[in-house]
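Visitor: Listed below are the residues making up each chain.
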Amino acid sequence: MRPGYVVRRIGFYVLICAITLFFAVPMLWIASAPFDASPGLGVHWPDWTLENIRKTLDHPYAMHSMVNSLLICVTTAVAVTAFAALASYALSRVRIPGRDALLYGLLLLSSVVTGTAAMVPIFVMMFQLGLIDSRFGVALVMTGGLLPAAIFILKDFVDAVPKSYEESARVFGASTGQILRDVVLPVARPGLATIMVWAFVNSWGNFLVPFLLIRSIDKQPGAVLMQTLTDEGGSVNLQVLPVFSLLFSIPVVVLYLLVNSRYGFRFHGGIKS
Amino acid sequence: MTSATAPARGRAPARDVAGLGVGRALGFVAPAMLLIGAFLIFPALWTIYIGITNYRLTGVEAVSPSMVGLSNYTKALNDALFHNALWLTLLFVLGSAIIGQNILGFTLAWVLRRARPVVRRTVEAFTLLAWILPSTVVAYLWVAFYDRDGGTLNSILGTPGTAWLIDYPMACLVVFNTWRGTAFSMMLYSSALQAVPPSQLESARMVGASGWQTLRDVVFPHIRGHVLTNTLLISLWTANDFSPFLLTKGGPNHESETVPVYIYNVALQGGELGYSSAISFLLLIANLLVSLVYLRLLRRRS
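Going line by line, the protein sequences match chains A and B.
Start counting the first sequence at 1; every next residue gets the next number (UniProt numbering).
Start counting the second sequence at 1; every next residue gets the next number (UniProt numbering).
Accuracy of the hints is not assured; some may be wrong.
Claimed, not checked - Okay, derived cross-link-like pairs now, DSBU-like style, lysine-lysine, Cα gap no bigger than 35 Å in a straight line:
1) Lys163(A) <-> Lys55(A)
2) Lys219(A) <-> Lys249(B)
3) Lys249(B) <-> Lys55(A)
4) Lys75(B) <-> Lys249(B)
In short, the hints are calculated from the structure, not lab data.
Chain B with its partners taken away, still in its complex shape (with noise of 0.2 Å):
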């Protein structure tokens, strides 16, 4: 060791493993960066200022927008149609996040953990499918399933002639994200119910605890950081989730314009550049603070 050290004492000590030093790591790290904040980082910032401008797609103010100060956010305030999609939004999270994906990923966490190996390769095999697949893929595959004439949905409920995705939009929209997203909480679910003691689960059930009340008393307080966690994560995938788009782009009548959809529509079927970039801020904040928050609990449990 001193003798290979020795050499190097009359530069600058390059103290990491590889001899590599601060001025090449930069290097390393400069292209990476580079493209960050070009893709990621000044788009970001740049929704301020295009948020503040009545920039347009098309017309004079393409050529020349202006600065219209905070405007195109009272605009915000007072647009039915932005409401609509908030609390659309809202109802898609909660319905096929907060309760769809974790409720689901979660039973199927707990029963299939003493399940035979083969039966639990299965399912898992069909939930994973649904949620590696294409976006595309998935969005026509359940554009079939709930189609009017010949879908697969009417022939198993013997309900011929139900335009599903025009009546109950949300209603498919909730089933659909909750079919595509539970494999992650169930994998989050059954790596976490791992941690769980198993002389613990022994002694509840020495006591006689019901299914119930071991599920409440035991596993419960060991998982309740990662049922935290993967909420967030789930409700901050769906909130922004652009599938709503493929099965349904919005309609009938903003039925199921969700904020991304309704982003989209305002940015470019109506070209309102300025106003959809206000309302893309306000969703890169309320992404901030979920994230802030995930990331402080992460901490704190590890």
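Same shape as in the complex, but just chain A (with noise of 0.2 Å):
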């Protein structure tokens, strides 16, 4: 082996340990202040014990916060996935006029229209609406800002499944409704599926527009009770705000593992949050 091969090697491991370490180290105290009894800001190996976790559990609004995040998501992922599916089928199959000026227009606005540029309009146009404080209201404006890419990432699927099978279903003689019920919709579940994941979890860290419009404190879903507790600071706190951060990132983690395994991580392009 020659020396040069050699330093190459070392120098190779000696990069990967040390990006590896600055994205791990940040994260390592998330495993470790949960079981904490004496936990403090910075990462060492534990004292074990259950009582943070008890604590959490006690505490009035942890809970709560997650039953609230959990409503908004599941009726965001419901919405954005049903509406998604019906356009994106429509304009994947039908030649409507005006179809690739829309569908521009819908990639512009998917990235043009962030919370950040639009949140002082979304929320006058909620506080006049009365929408200020529900989590409906939070869900909606939710829907709206993701289905534009919902739509785009859900045509992209469509068009790749073959209208042979659609073709085939209407040589026998199915219905439209036949049709999109037993033909196209199993066909396209995968895809669905995966949309529905992505809205999820896209509302579930989605902490912007519920701390504009959610004002009382046992409406806030987890993303902004944690800001809230961060807020208050104290000792109490610091035995909830571990436990809550890891009980919060857990549907993420396994919805992301889910979707990875079952389906394979699909890379859309230019597609987060």
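Two chains, two separate frames, one set of hints: put the complex together.
Guide: Here it is as structure tokens:
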């Protein structure tokens, strides 16, 4: 072995280790602090206890905020999936006049009108509609925000499904309703599942919309409650917040792993929040 | 085929495969368009209107706002805090997206391309985790990491008592956002690198090109389009990112107040809805320009 090769191998592993540490070290705390009897803000080997978990479960708002998150995100995910499925199917299979312009407009909208750029008018609009402090209002705003990208991802998916399925069903005399229910829906299921998970995960992590629109603490979803508790500070919250962060992260990670293992991670160039 | 299409000849022919017809297709598209129209297009257009009024959250102007023409925009021209926000956003985008995420993402994609599957999967798992965790959770992780008294960073560096988020707020945000977003660039560049023909890499090695020469002369020409579109996209996201608010709230003394945080502080802390709408509109225009360039590049490539 030439010395140059050895040096390069060592350099390679040093680089890999440094980068991995950079990504891992800030996360270690969420693995140790929830189980530490004297939790601080630094990472250290915990003095094992389950007391923090009990404290979190007993917290007046912690578990309640999870229910709020669930309520908002399930509503959003179902609405996004249903409306995006209908729209993307029609856009994929029927030549509606002005379709290409519409698709281009949707693609632009999904990246131009971000939550931060639209927060003032959305706040004013919901304020005037009397939808401040309404979890349903939050779900509506999130649905509107996620729909353009969802239609786009799903349309790609439907485009990839061969038309011959529907054609042969039609040849055998199936009605439009039957074709949609018995042919298209089963074939599109992986796409629908992916989009539902995508919408759920995105709304689960969304902080800005509920932060703007929800006022009372008993209606706050988890993302906002964390901020409320952080602002309060204090030692009780140092027991509750790490456990809560961990619990709040679990659904996202589990859903991600699920989609990844069942359908493989499909890389939707350019689609995140 | 002929027998199946014959009965349909009497009515207007539905030319699509499911026999949906244009009318029902429009019905399918309508609910989504209504929601998008109400919660995305209408707010975007409404910023233009609110931006030329003196609308406020409270007080007389909250009840009866009046038109003030372009004075919100002339105010923005002379507003030192807005200039400060623009400058900080530029620093944030340049440091964390254009340099940080781009370079770290490419480095990871390049060195992991031939690494052992175990190594590759471990490193990817951590970068992806940083990307998918909820933003409030990662913000809290980093607030703890940077903490003055017990923070991990101070233990590692042996600098107890350094209040990183107060002394170096922008540097903290740049490191944070690089950590948060690198996964996207890494994945994009890994798939882009697969398009580089192995035969060209092989011949570069045969003629004894150094690693750097190979990157510059063989790899880069193939992925130039990806570098450009990736940079535009992550810049757009970073410029619109609200998570700086979760780490510093724009403080201390406006030192980390990027444009999104500034809009929030002006609108909901200061109550100046008209003025903050004018600034939002400027952000929308900037987003529109970047997106138009991005889509044009994408279209040219395909």
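Visitor: Hint by hint, where does the structure go against what was stated? Just the numbers, ascending.
Guide: Hint 1 alone not satisfied by this model.
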